[in-house]
Structure formats: structure tokens, C-alpha cells
Amino acid sequence: MQSLPTLYPLLFEPNLHEAVWGGHYLTNWKQLPHTETPIGESWEVSGIPNCSSIVANGPLAGKTLNEVIATYKGQVLGEAVYKHYDGQMPLLIKFIDAQDNLSIQVHPDDEMAKAVHGKMGKNEMWYVIKTEPGACIYSGFAQEITPYELRQRIADGSLTDVIARHEAQPGDVFYIPAGRIHAIGKGILLAEVQQSSDLTYRIFDYNRLGMDGEPRELHVDLAQQALNYKVDSQYRTRYEEKNNSANLVIDSKFFNVRVVNFDAPIHRNLIKYDSFFITMAIKGDSYIRLRSTDEQFLLREGHTCLLPAAVADCDIIPTKSGVSNKILDAFINNEYNPIKTFFKQIVK
Numbered sequence: 001m002q003s004l005p006t007l008y009p010l011l012f013e014p015n016l017h018e019a020v021w022g023g024h025y026l027t028n029w030k031q032l033p034h035t036e037t038p039i040g041e042s043w044e045v046s047g048i049p050n051c052s053s054i055v056a057n058g059p060l061a062g063k064t065l066n067e068v069i070a071t072y073k074g075q076v077l078g079e080a081v082y083k084h085y086d087g088q089m090p091l092l093i094k095f096i097d098a099q100d101n102l103s104i105q106v107h108p109d110d111e112m113a114k115a116v117h118g119k120m121g122k123n124e125m126w127y128v129i130k131t132e133p134g135a136c137i138y139s140g141f142a143q144e145i146t147p148y149e150l151r152q153r154i155a156d157g158s159l160t161d162v163i164a165r166h167e168a169q170p171g172d173v174f175y176i177p178a179g180r181i182h183a184i185g186k187g188i189l190l191a192e193v194q195q196s197s198d199l200t201y202r203i204f205d206y207n208r209l210g211m212d213g214e215p216r217e218l219h220v221d222l223a224q225q226a227l228n229y230k231v232d233s234q235y236r237t238r239y240e241e242k243n244n245s246a247n248l249v250i251d252s253k254f255f256n257v258r259v260v261n262f263d264a265p266i267h268r269n270l271i272k273y274d275s276f277f278i279t280m281a282i283k284g285d286s287y288i289r290l291r292s293t294d295e296q297f298l299l300r301e302g303h304t305c306l307l308p309a310a311v312a313d314c315d316i317i318p319t320k321s322g323v324s325n326k327i328l329d330a331f332i333n334n335e336y337n338p339i340k341t342f343f344k345q346i347v348k
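The numbers in UniProt numbering rise by one with no breaks, and the one at position 106 of the sequence shown is 106.
Keep in mind that the hints were calculated from the coordinates and are not lab data.
Only a predicted model underlies this, so the values are computations on that prediction, with no experimental measurement involved.
It is possible that part of the hints are untrue.
Straight-line C-alpha distance at most 30 Å; calculated BS3-like pairs for lysine-lysine [to be verified]:
no., residue 1, residue 2
1, Lys83, Lys119
2, Lys130, Lys73
3, Lys242, Lys30
4, Lys253, Lys114
5, Lys253, Lys272
6, Lys283, Lys83
7, Lys73, Lys119
8, Lys83, Lys63
9, Lys73, Lys83
10, Lys253, Lys230
11, Lys283, Lys272
12, Lys320, Lys242
13, Lys30, Lys320
14, Lys130, Lys83
15, Lys253, Lys242
16, Lys230, Lys272
17, Lys63, Lys242
Label pairs and their computed distance ranges (CB to CB) [what the hints assert, rightly or not]:
no., residue 1, residue 2, range
18, Asp212, Pro59, 53 to 61 Å
19, Pro147, Glu111, 14 to 22 Å
20, Asp86, Gln2, 44 to 52 Å
21, Asn247, Thr146, 37 to 45 Å
22, Lys320, Leu32, 45 to 53 Å
23, Glu18, Asn207, 15 to 23 Å
24, Glu111, Gln296, 40 to 48 Å
Even glycine gets a Cβ: it sits at the ideal position worked out from N, Cα and C.
From just these sequences and the hints, can you work out the full model?
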């Protein structure tokens, strides 16, 4: 019987998605062939059925991420993650290029998504990478409204008047819990970390036509069920950003996100988290060097790798010494996460 290849940092083939509000920045940034159609999203790591990421490097090249997980199980996801999510990749990771305003939308929580669609809900976060002057994020209601007023404002085009508008700058972070009304404004490039779900309820789309020349479908009835009409005092996520260290940005039961700024090699022993690590190269090229084998893997700016849980002890090294690099990490923290506690309880 032939032995399985040893796991290593996985890079993936391009997984680009056209959008009426997209453009051509993503293909340029990622140094990919030009496309005539506007590209809105690059799905960097996906386990969505029929759209699973395809491995681009090493002995597993050509395999889908879902095939790799089915073979290696908890060695890829982490043992607790594999059990809790029934062998499914729990996160979907994207770069988004908004050359025009995205629709005003909302996502259902796990309970509603399971009841209505038999799927996972969607909590997500945005990390702003690049902005044009005047770019903004819509997140949360600025004033309380009723479902009846929501429909009125959709009809007369004034819905954005009651949504909190935030000027966007590189480095800004917005956590978008399920139920929060939101939209990305034009002139923004961002990284998105979300639950592995394709459920979006479009509320208002500026009476815009889709790629097929027809008005895009709205989902107002479902949106009304999903929306949280509460007004919060703060919608922007605040965090500290120190150099050459991992800065925690999001710590939730759905995922954890850290920003790492570094201009020198950093040792990252991540085994204790019992989780995969997804690393997005926001600024600069770097090498990921495995401590177990001393192998090095090049991670270029604008690209992403998945570090399997079983080999999550590595160094990350800038390709140019003294030059500031930035990466974004997404993972599930099982060092103290309720997932691990839950499984400890049921095996007693």
C-alpha cells in the first residue's frame, strides 16, 4: 500500500468570481492573466461544494481541498475542528475588489440558515487593505427602524440614510455578525474571513442590472426575518498593532483573526491551537519554513496558504530583510475554545 505524502503548506489555484461591481485590480495584484469580465472576488480558501479550492503545489497538486480533508481528516483541520464541523472546512476566505458599491445585504445566523436552507449561517469580518478617496463601509443601523419602514425605504431608495456610514482606511476592521445590515462601498480592496456559507440576502441594489442585463434578485422577506434592528454604539473593531508580533483582531466562537506585521523572521509554533492556519499575504513576499522538515514555501503578496494543523510549527521569513511585511491569519482557537471543552465533556 502506497504511503500518503507528508502534509505541507497548501497553495491553491486561482478561484475568481465575476461581479457587476468588480474590476481588474485582483488579477493585476495577484499577477494573473487579464480577464475581460469584471472580477469581484477571489475565493482564496474554499470548501464550498462544487467550488472547493484546488491545490496548486507539491504532491497533492490537482486535489481539491475537500478531497485532502477527506484523506487526512484532523491532520488538516485539527482534531477538534474536524469533529465539531463533521469533516467540513468551517471557513471561507476571500479577497474582494469593490469598484462599485455592493448591494445592501444581511446574512442569516446558524439557526435560521439551518431551518430554512439546511446550511451554515454567516458571521464574517473585513480587513481593509486599500481604499480610494471617499471610500466607505456601511455597517449597522444608524437609527432604529421598523420592518414596515425598511420596505418603504427600499421602495424610495433612501435605505442608506438610516445605515451607519464609516469612512474606510487601510487597516480598518469590521466584524459583521449575522443579522447586521451591511455593504462594501466602491473603491475598497479587502480581505474577508467568514463562516463557510454562500447565504446572502440582498435587500437593496440601487436598481442595478446584473451581468445578464436583468435586475438582480432581492430577498426582502428573508432579510426581514434575519435582520437585527438594534442600534449599536460602535461598529468598527478596535485593536492594537505591534510590530513583529501577532496582534489579535477577532476572537469569536466562529473564528479568530490576527494581523502580523514583521520585518524579520518570526517563529510560529501554532500546534497548541489544534487548528489549521490560513495565512493571507497582505503586503510583501515571504517564505514559510517548516520546522519539521526545513522545507521553504514562497507565499507571494496577494496570495494565501493553508497550513495544516499537523505541521503548524514554522518560521515566516520576509524575502527582503528589513522590509515591512503584513499577513492576516485566520484559525479556530482550540487552546481554550468551547469546541475542545465540549469534546472533553462528552468523552468523560
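Beta-carbon spacing of Lys320 to Leu32 - inside the hinted bounds 45 to 53 Å or not: 23 Å, violated
30 Å Cα cutoff - pair Lys253, Lys114: Holds, because 18 Å separates the two Cα atoms, which is no more than 30 Å.
Pair hint Lys253 and Lys272, alpha-carbon separation not exceeding 30 Å: 17 Å, holds
CB-CB spacing for Pro59 and Asp212 relative to the 53 to 61 Å hint: For Asp212 and Pro59 the Cβ distance comes to about 41 Å; the hint is violated.
Straight-line alpha-carbon gap Lys242 to Lys30, limit 30 Å: 27 Å, holds
Pairwise hint evaluation, Lys63 against Lys83, where the allowed Cα distance is 30 Å at most: 22 Å, holds
Agreement of Lys283 and Lys83 with the hint, judged by alpha carbon distance not exceeding 30 Å: Cα-Cα ~34 Å, so violated.
Cβ separation of Glu111 and Gln296, checked against the hinted range 40 to 48 Å: 44 Å, holds
30 Å limit on alpha-carbon distance, applied to hinted pair Lys320 and Lys242: 20 Å, holds
CB-CB spacing for Thr146 and Asn247 relative to the 37 to 45 Å hint: Given a distance of about 40 Å, which is inside 37 to 45 Å, the answer is holds.
Outcome of range test on Cβ distance (Glu18, Asn207; 15 to 23 Å): Check passed, 20 Å falls within 15 to 23 Å.
Hinted pair Lys130 and Lys73, Cα distance within 30 Å: 36 Å, violated
Comparing the model with each numbered hint stated earlier shows that hints 2, 6, 14, 16, 17, 18, 20, 22 do not hold.
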